[in-house]
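There are 2 protein chains.
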Amino acid sequence: MLAQFFPKLQTLFSPASIAVVGASRDETKIGHIVVRNLLDGGYNGAIFPINPVATTIAGLTTYADYHDLPKTPDLAIIALPAALVVEVVTAIAQKGTKSIIIFSAGFKEVGTEGAALEEKLVALAEEYQLAILGPNCLGLINPAAHFNATFGKAHLTPGNLRFILQSGALATSLFDWAASADVGLGTCVTLGNKAVVSEETILRQWYETRKTISSHTRRRQEKEGLSRYQPIGLYLESISNGREFLRYAKEISHDDPIFILKPGKSSGAQKAMQSHTGSLAGNDTVLDAALEQAGIIRCAGIEDMFDLARSFAWEDAPAGPRVALVSNAGGPAVMSADMLAEAGLTLAPLSQKTHDILVDHLPRAAAVVNPVDVLGDALADRYATAIKAVLAEKTVDALVVILTPQLMTQIEATAKIIAELAKKYGKPVVCAFMGGNTVAIGESVLNTHKIPSFRYPERAIKALGHMWWWQTWRQKQRTEKVKPIKISTKISAAIARLVAELEKQKQAGRVALNPRVALNPIESNDLLKKIGLTVPPSAACASFSDAQKFLQKNGAAVLKLASAQVLHKSDQGGIITNIISSDALKKAWDVMAKKVTELRRQKDATATVQIQIQKQIVGGLEIIVGVTTDPTFGKVLMFGAGGVMVELMKDRHLHLLPLDRETIEELVASSAIFPLLKGFRGAKPLALSKLYDLIARLAQAAEQLPVAEIEINPVIVTADEAWAVDGKVILQNL
Amino acid sequence: MLAQFFPKLQTLFSPASIAVVGASRDETKIGHIVVRNLLDGGYNGAIFPINPVATTIAGLTTYADYHDLPKTPDLAIIALPAALVVEVVTAIAQKGTKSIIIFSAGFKEVGTEGAALEEKLVALAEEYQLAILGPNCLGLINPAAHFNATFGKAHLTPGNLRFILQSGALATSLFDWAASADVGLGTCVTLGNKAVVSEETILRQWYETRKTISSHTRRRQEKEGLSRYQPIGLYLESISNGREFLRYAKEISHDDPIFILKPGKSSGAQKAMQSHTGSLAGNDTVLDAALEQAGIIRCAGIEDMFDLARSFAWEDAPAGPRVALVSNAGGPAVMSADMLAEAGLTLAPLSQKTHDILVDHLPRAAAVVNPVDVLGDALADRYATAIKAVLAEKTVDALVVILTPQLMTQIEATAKIIAELAKKYGKPVVCAFMGGNTVAIGESVLNTHKIPSFRYPERAIKALGHMWWWQTWRQKQRTEKVKPIKISTKISAAIARLVAELEKQKQAGRVALNPRVALNPIESNDLLKKIGLTVPPSAACASFSDAQKFLQKNGAAVLKLASAQVLHKSDQGGIITNIISSDALKKAWDVMAKKVTELRRQKDATATVQIQIQKQIVGGLEIIVGVTTDPTFGKVLMFGAGGVMVELMKDRHLHLLPLDRETIEELVASSAIFPLLKGFRGAKPLALSKLYDLIARLAQAAEQLPVAEIEINPVIVTADEAWAVDGKVILQNL
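In order, the protein sequence lines correspond to chains A and B.
With the working numbering, the residue at position 458 of the first sequence is 618, and numbering never jumps.
With the working numbering, the residue at position 240 of the second sequence is 400, and numbering never jumps.
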């Protein structure tokens, strides 16, 4: 269970004094290691080790009990067996300490007993407004404050790169990597079971304190060779509170990039996650849509995340997608051109002027177009000539430098020149020094000057591609105008009546099936009409002669089996189309009547089964529009190709509610069937504006009504109408 | 221009004596460096430096002229300006040397003048049967023979990993990487301009000498901790002779894995390739299909290639897809489960027995399912327990071990235990020791024991996925039965007549348009009928009354504009469907007649434009079947969704000709519309067997006829027939 309040985190991240409960003289114990880590990190506040027996630990005076402390510490760190933790937290809270880190394992992750203990912690946190990190976590570091509150080997070179990790082990790899790659870190937090403090608590803290990252700070960072950002990397197995998470992430993303590693695409990972942190996977495609909306970059893997972390820590995102490549190797340059395209980037065109400079200064065999091949025998000065020329070029937004170790290659000197020119021209530069030990010296120089370098160009280019994606997201955010849709008061009133009616039915036990109750097709149609959608004329037929009359009036008809118990009618032969004659109608009626009898026999006697007749919409294009409820992110609209194409094309496009008209148009335009909607190969365009209207109304209604799911499949879009032909409505478990 | 013969390569790869033409006393010159490299590499044959002035170079006696040499060297290496090369090659050939490496640049890659020089080399090679490597190459190495014939810094630890590289610079990175990663190399060749020796020449050599890789050698390799294979890595920008290349590659792939890095997916890379090596890109999707057929693994990037190289050098491919993960970190293990699924692998299920062993020996909080989480505080012995248990498990085909550097982690000891157990159980094991400098010692131990280790689990898993793909390819090859299709003599005769007729027409100037000539739709239909396909009844109409008669007889009809000049009829309104009444026919006829008049006015007077009427096939599913000619690989069959779905679904499936019935069935089954063909959601299956027959006949005919392209779009498949509705035929440039 997650706490329902947002604790303040200042004293958790930057405490003025710390107590370590469970401090130990035994150097192999966590309770000793954390005291050692605090001291070794150069923490300059008071440290109070608590131990009932010892008098000093690591040279510090110990206290037998929390109540004995001479002052109230800002932060308490607990390294005790799980069974003792609740009592200790009570004492800590009573003393007035508001921030607590709990290393102890043995809570929710080990079963119901542990979960009960954890709930007690949550209750205490709510009662005393405690910021509890963990339990079952590795703690956190804040290098700028010389603060290492972990029991791992941490890296305390301060920098601008922040992390929130739902895996302590990944943090140890991160610290080791950062130390080796000369990457400085900001506050890095491991979450553990996130009983109280979770990712959105921390994001909110960082959102609220974002103004403290002044433009002065950002300028200082740039002077140090860093980027303007304070990027945030996330490793999460679950997202505790999707909407809050997105809200803060989206705000932060305007200024500082957020990137995430989130497993759970495969069923294997979903099971493993459940065993690792008890996390249940939501729908991964909904997650993708949600992250995209909030400007969060989803990393493809751990390498991808570390590469991007370094790139964002050291380089600003490119202002455009146009990349120049300078290489002493033709093959890798050619491969890189493919990789640029894959990463959503382009080869920058070079002007005649730059071309002339290159022709004048490079050997005849060099490639003077982009990618620029300075040839295998290039010394540092030839690299300098080419790099200067392309960085000075207006059309170049970013540069990738590739180096292979030829016998004459000046690896170190070339690295220095790259660093110098990158600083001078202020455009993002990433490098690929390809090889083994021979190129390591170049990498080391580049690290010192905060130029990201990778052993393979594809890694540099992938990172650049992510950065550009984020940049386009930011640019788009600035120009987007949110125009909320207004539903007419008449429709609102109708919806209100329907909600009331549904509630009444619920209370009368009529829709009492749990956990989800489907409306029958006739009720669904009714609902769609009430929210203002155009539904083909239809009727429930009590007798064959009713159907005959309907056919005479409407020309072409469809017979449908109408039952809340039959959700997939076409699979069960419950739809007969193309009825244009009385004979055909009779035949269809007999088939359907037989099915009704069967169904009434199979299902319980109260099951409502009817035959529905509907006017057939001739021609047009079938699409699917629906709203579902995601357990993490709430209501989501889905749009795509309909009918049999649903299964064939995997053309599903998602967006969290609410959505404005522009977003709806973008969503429709992104689908694979859009070419057909707007008129394919000279065909007439279909009624797009009616379709947008249908989607807008459906979305609006789905937010206001107590429904878990509405799916219209198909919507048939003709030249002048968007017909809601067949709707399925599932009520929320009220 | 490529030589048209296959030179023998023994003396190129393992010469008993070598002359260096253009040897130099200047230590910065290529002509000196290569002599130095030969000596430093420990080459133990005779070396004859040729220099008109010097008496000794690097302590070796020099000769003024090739003719002066005391014996005929097996190999000549040329390091002279391009202008001198032809004369020198003539002298070398006259002396009787058969193998030549030319480092010199300034040939085809610099323009027409150079190309003319290169053609002279090719002519000499053909005249004297010379194996010329280059020009414009870095040479080759053969570490087993202590033979470094490059002017780069090479790595001469012998091993089993072979390479063919159309990039000298990539070779220098490869050598540096191999030295740093303790990877031994076999023969590695850089191709340069491949005037004579190209990738398929070398593959043929390796195919013909493959028996010399005895099972004894393979066993010795395994004793040394290597795999049983002698893998081949390729970097190619062009494939000189597609069919020959595939032929040898496919034969070799049965025993030894081949993997390739081939740029050219993007237009940027295609342009860059042309500038780098003058290579024109073929169709990349055809390339993909061709490589897959030959069992060649296509690498996604340079890192992917190097990772796979190391994995194949050190580990056999897994016998099955079931992978066990053992990790001291939950997060990376969870991510790895996702990556396994992406790589086409599965999480191995563990038996009750293994489960019990793990429960008995691991701490309570450990995950005792797969992925096995031995927890952050695991020492080497706990890793040992878990690894033994899973490697002993029958259901485990391969193991991935993940390690993060916790404070107590025994990195070196764990690496040693992994090496020991990998050897004992003989299953493929790959590792991810995640971090920076702290984990490097573990990697070093693993390298020594030839256990592939990567910094990130996704890299280990991707490599394993490639290996498993190759294993399935091999397994499939063994069971595949090729049943060639027989075309009836009647059809063969008809085809023969048609070929003759086309030739006659060509000679009469009737189809003389170059380079490609399209048959008009009526001729195309005729051709399809003659090769035994079922074409809907159709006729060319001279008058409206012809069309009327046709409609009366056939019930429903389509009017088409029939002209070889109009290839995309529907784009130009040249198809009117659904004609079922005389009135509708009149209306359609008038529209079409107007178009005919317009076309005759626009095009030259001789253009043949007619109105064609065809019986309309009602219902059924539209697909597309075609054969095109790829410049590299020749004739290729294409199958996929037809009609408007062609553009929407990108459902194209390719296979080089010829193909047998089983392959046809597999091809159809792999398409996205297969569910509709075999009967979707309870619908009746369509006439699949007729469709297979149509494809088989079309493929057979396309091989026998002088056609560049035949496309049938749509083929309409109904419940009992596969109708070739609309065919487009383009003749070869005869």
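Watch out, some of these pointers could steer you wrong.
[As the list claims (entries may be wrong)] 16 angstroms max Cα-Cα, derived EDC-like pairs, lysine to aspartate or glutamate:
| # | chain 1 | residue 1 | chain 2 | residue 2 |
| --- | --- | --- | --- | --- |
| 1 | B | K810 | A | D537 |
| 2 | B | K838 | B | E782 |
| 3 | B | K810 | A | E807 |
| 4 | A | K168 | A | E286 |
| 5 | A | K583 | A | E807 |
| 6 | B | K189 | A | D537 |
| 7 | A | K838 | B | E807 |
| 8 | B | K313 | A | D537 |
[Stated by the list, open to error] Where chain B lies over chain A, by a calculated footprint (3+ residues, C-beta under 8 angstroms):
| # | stretch |
| --- | --- |
| 9 | 273-279 |
| 10 | 806-817 |
[Claimed, not checked] On the chain A side, residues computed to face chain B include the following (Cβ under 7 angstroms):
| # | residue |
| --- | --- |
| 11 | L220 |
| 12 | T221 |
| 13 | G461 |
| 14 | M594 |
| 15 | A832 |
Hints listed in this document are in silico derivations from the structure and should not be mistaken for laboratory results.
Quantities reported herein were computed from a predicted structural model and do not represent experimental measurements.
Just so you know, even glycine gets a beta-carbon here, dropped at the ideal spot from N, CA and C.
Taking the hints in turn, this is what the structure says about them:
{"no.": "1", "hint": "B/K810 with A/D537", "in the structure": "violated (44 angstroms)"}
{"no.": "2", "hint": "B/K838 with B/E782", "in the structure": "holds (14 angstroms)"}
{"no.": "3", "hint": "B/K810 with A/E807", "in the structure": "holds (15 angstroms)"}
{"no.": "4", "hint": "A/K168 with A/E286", "in the structure": "holds (12 angstroms)"}
{"no.": "5", "hint": "A/K583 with A/E807", "in the structure": "violated (52 angstroms)"}
{"no.": "6", "hint": "B/K189 with A/D537", "in the structure": "holds (11 angstroms)"}
{"no.": "7", "hint": "A/K838 with B/E807", "in the structure": "holds (14 angstroms)"}
{"no.": "8", "hint": "B/K313 with A/D537", "in the structure": "holds (13 angstroms)"}
{"no.": "9", "hint": "273-279", "in the structure": "violated (count 0)"}
{"no.": "10", "hint": "806-817", "in the structure": "holds (count 3)"}
{"no.": "11", "hint": "L220", "in the structure": "violated (20 angstroms)"}
{"no.": "12", "hint": "T221", "in the structure": "violated (25 angstroms)"}
{"no.": "13", "hint": "G461", "in the structure": "holds (4 angstroms)"}
{"no.": "14", "hint": "M594", "in the structure": "holds (4 angstroms)"}
{"no.": "15", "hint": "A832", "in the structure": "holds (6 angstroms)"}
Comparing the model with each earlier hint shows violations of hints 1, 5, 9, 11 and 12; every other hint is respected.
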